[in-house]
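Chemist: Go ahead and model the full structure; you've got the sequences and the hints to work with.
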Amino acid sequence: MCTLLSRVAVCGGTHGNELSGVYLVRELQKTEKPLEEEDELVSVLVVLSNPRAVQQCRRYTETDLNRCFTHATLNGPESDKTPYEITRSRELNSLLGPKGSPEAVDLICDLHNTTANMGLCLIAYSDHDWICLHIFRYLQRQMPDIPVRYIHFDFPPKEAYSLESVGKHGFAIEIGPQPHGVVRSNIYTTMKAGVQHVMDWVRFFNSGTIFEGGSVEVYTMVKNIDYPRDSETHSITAAIHPQLQDQDFCLLHPNDPLFQTFSGETLRYKGKEPLYPFFINECAYYEKGIALSLARRKFTNGECRAHSPWFHNSKVIQ
Amino acid sequence: MEHVSLPALSRVAICGGTHGNELSGVWIVREMQKQQVEKVGSISITTVMSNPRAVEACKRYMETDLNRCFTDAILSAPVTDVTPYEVRRAHELNAQLGPKGSQEAMDLVCDLHNTTANMGLCVIFTTFNWISLHIYKYLKSVCVVPEFVSELFLLFSTAFEVGPQPNGVVRADIYNLMKEALDHLVDWVQEFNSGITFEGGEVEAYVFEKSIDYPRDPDTNELTAIIHPQLQDKDFILLKPGDPIFLSFSGETVKYEGKELYPFFVNECAYYEKHIAFHLAQKTILTIPSVSVEND
Numbered sequence: 001m002c003t004l005l006s007r008v009a010v011c012g013g014t015h016g017n018e019l020s021g022v023y024l025v026r027e028l029q030k031t032e033k034p035l036e037e038e039d040e041l042v043s044v045l046v047v048l049s050n051p052r053a054v055q056q057c058r059r060y061t062e063t064d065l066n067r068c069f070t071h072a073t074l075n076g077p078e079s080d081k082t083p084y085e086i087t088r089s090r091e092l093n094s095l096l097g098p099k100g101s102p103e104a105v106d107l108i109c110d111l112h113n114t115t116a117n118m119g120l121c122l123i124a125y126s127d128h129d130w131i132c133l134h135i136f137r138y139l140q141r142q143m144p145d146i147p148v149r150y151i152h153f154d155f156p157p158k159e160a161y162s163l164e165s166v167g168k169h170g171f172a173i174e175i176g177p178q179p180h181g182v183v184r185s186n187i188y189t190t191m192k193a194g195v196q197h198v199m200d201w202v203r204f205f206n207s208g209t210i211f212e213g214g215s216v217e218v219y220t221m222v223k224n225i226d227y228p229r230d231s232e233t234h235s236i237t238a239a240i241h242p243q244l245q246d247q248d249f250c251l252l253h254p255n256d257p258l259f260q261t262f263s264g265e266t267l268r269y270k271g272k273e274p275l276y277p278f279f280i281n282e283c284a285y286y287e288k289g290i291a292l293s294l295a296r297r298k299f300t301n302g303e304c305r306a307h308s309p310w311f312h313n314s315k316v317i318q
Numbered sequence: 001m002e003h004v005s006l007p008a009l010s011r012v013a014i015c016g017g018t019h020g021n022e023l024s025g026v027w028i029v030r031e032m033q034k035q036q037v038e039k040v041g042s043i044s045i046t047t048v049m050s051n052p053r054a055v056e057a058c059k060r061y062m063e064t065d066l067n068r069c070f071t072d073a074i075l076s077a078p079v080t081d082v083t084p085y086e087v088r089r090a091h092e093l094n095a096q097l098g099p100k101g102s103q104e105a106m107d108l109v110c111d112l113h114n115t116t117a118n119m120g121l122c123v124i125f126t127t128f129n130w131i132s133l134h135i136y137k138y139l140k141s142v143c144v145v146p147e148f149v150s151e152l153f154l155l156f157s158t159a160f161e162v163g164p165q166p167n168g169v170v171r172a173d174i175y176n177l178m179k180e181a182l183d184h185l186v187d188w189v190q191e192f193n194s195g196i197t198f199e200g201g202e203v204e205a206y207v208f209e210k211s212i213d214y215p216r217d218p219d220t221n222e223l224t225a226i227i228h229p230q231l232q233d234k235d236f237i238l239l240k241p242g243d244p245i246f247l248s249f250s251g252e253t254v255k256y257e258g259k260e261l262y263p264f265f266v267n268e269c270a271y272y273e274k275h276i277a278f279h280l281a282q283k284t285i286l287t288i289p290s291v292s293v294e295n296d
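Sequences listed follow chains A and B, in order.
Take the first sequence: its letter number 34 is residue 34 in the UniProt record's numbering, and every next letter is one higher.
Take the second sequence: its letter number 246 is residue 246 in the UniProt record's numbering, and every next letter is one higher.
Worth flagging that the hints you see were computed from the coordinates, not collected in a lab.
Take the hints with a grain of salt, since some may be wrong.
A few chain A residues that face chain B, going by a derived Cβ cut-off under 10 Å, partial list only [as the list claims (entries may be wrong)]:
(1) Q178
(2) P179
(3) H180
(4) G181
(5) S185
(6) R203
(7) F204
(8) A238
(9) I240
(10) Q260
(11) T261
(12) S263
(13) A284
(14) E287
(15) G289
In this text, all values refer to a predicted model and were calculated from it rather than measured experimentally.
A virtual CB, placed ideally from N, CA and C, is assigned to each residue, including glycine.
Modeler: Written as structure tokens, this is what we have:
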């Protein structure tokens, strides 16, 4: 059982060159009360997270905004030298948080794109937040034509570093593949539909609909693998192997090809455990030392029926 | 058509990183420099990282697009304190590989690019010359089918454009394709230099006609529509009047008006700022003569 979701935030442009969210937020901001209906129980905030980076069509201007939401960064000292994105994360924390407090918005939905072939992923810090898991299952059912998956990053709230951790509940919607700085209409349409379905679910929930419990498939991030690098220059010496490229969420077995060096040699996966790769060849992760991430897959055993315990109007749901 | 004899191609330059975030060329040049590739048979090879600062920053350019700096006007203007980095660099490259139009210039320059558009392997030339056209004909017979495009404003004599690949990303399959094409180019030059006659014939080429911009908001200049899903990834597939070309953010379809032409560079990332949603080309058939190397 959970309380009403009365304040929801939809955020785009957290990375300024991930354009589906930028254009969707711009489009939503053209109408006065976007995504809201008459007699609404929910108010929706539509936010362009990093306007400077959006303006320059870059991921960030000084530091990655989506790593600036840990408790430590949000509550650190302010000075002339504070990078733009840290100042901005604190502004967003005032607007949508404060993180961890009763004033925080009920739900944050943060919109992202990736160059990896990941379809639509919901990324969250919890594997037992029933709101997020129910929304995920609802999206899967409403969007049967595209792969929809749930990725869990196992970080405690204080260390959770991304924007959606500011809300009481939150997740990122990550859609790929799309080059950064490009807007593809199929990806845009998918994101628009996804956000609409999220809002539909919130409305159903608020009006008292009971969502039956059950089991959902969750990918929990285990580790990252970096590119092989030159020990002196630190430059990469290989690219993702052609047999791994675009194979996000296809099980990677020990000894499967991982990388192809620029001189043509194949390097293989040396881990002992078969794991599920994702964020394979994400452009922005070269500088973070991540060639791909690896996850374990499991089914949650939650039997939580989600419904709001109080509702003003008993609306009939078709 | 009468046979043509041409001088040997003894000096070839391979350039990568003309745009710093088009990574196949960056890594091919780096690998060639690591392997110290300087001579292949009769050919001396010069490898060049065209825009090192942009490569370091993984950006297309620092101040201005290097690949638009090779006009005669820009190359003949004096360099001053306020000259942008890329214009300086164009002057340096012109001295190293040219001067453009002179006897000292490289015999063949191959410039390596990537695009986010679904263009496969494209060979791009500024002017029709028999060497370029024969190289293209040869590549078509040995590689995954390339396309041949003539543009008006390119810097070097030959460019390989391979896509789709996001900027800032290196895909092994694209890297391998570009490397294979480059190896075939070097093979062709060696065979040419050794005296082999290459038969003439007909080649299909796309000649640039015009560009189409995105629909934009007249006040903010922002895009109001994006490439329609039915046009996305359909480079070199004939576009007819009435075909959908854009889908507005509010869901309306914009249709193409104009004569039947072939779109390319459809949804190229770097062209948003240049106000180009896609280029349009005429397809034409060119007849080329048989060629062989001149005897001294």
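Chemist: Quick check on the hint: A/Q260 CB to chain B CB, less than 10 Å?
Modeler: holds (4 Å)
Chemist: At a threshold of 10 Å, is the proposed contact between A/E287 and chain B supported by beta-carbon distances?
Modeler: Hint on A/E287: holds, closest Cβ of chain B at ~8 Å, below 10 Å.
Chemist: Going by Cβ atoms only, is A/I240 closer than 10 Å to chain B?
Modeler: Nearest chain B Cβ about 6 Å off; hint holds.
Chemist: Is the hint on A/G181 kept, meaning its closest Cβ partner in chain B is under 10 Å away?
Modeler: holds (4 Å)
Chemist: Is the interface hint for A/R203 satisfied, with its Cβ closer than 10 Å to some Cβ of chain B?
Modeler: The hint is violated - A/R203 has no Cβ within 10 Å of chain B, the shortest such distance being about 22 Å.
Chemist: Given A/H180 as an interface hint, is its Cβ closer than 10 Å to any Cβ of chain B?
Modeler: Constraint on A/H180 satisfied, holds at 6 Å.
Chemist: Given A/S263 as an interface hint, is the shortest Cβ-Cβ distance to chain B below 10 Å?
Modeler: Constraint on A/S263 satisfied, holds at 6 Å.
Chemist: Taking the closest Cβ pair, is A/P179 under 10 Å from chain B?
Modeler: Holds: closest Cβ of chain B sits about 3 Å from A/P179, inside 10 Å.
Chemist: Let me know if the C-beta of A/G289 comes in closer than 10 Å to any C-beta of chain B, holds or violated.
Modeler: violated (15 Å)
Chemist: Identify whether the interface hint at A/T261 stands, where standing means a beta carbon of chain B within less than 10 Å of its own.
Modeler: OK, holds: A/T261 within 10 Å of chain B, min 9 Å.
Chemist: Should the hint that A/A238 touches chain B count as held when the rule is a Cβ pair under 10 Å?
Modeler: Holds: closest Cβ of chain B sits about 8 Å from A/A238, inside 10 Å.
Chemist: Taking the closest Cβ pair, is A/F204 under 10 Å from chain B?
Modeler: Cβ of A/F204 sits 24 Å from chain B, so the hint is violated.
The structure fails hints 6, 7, 15 (numbered hints given earlier, in ascending order).
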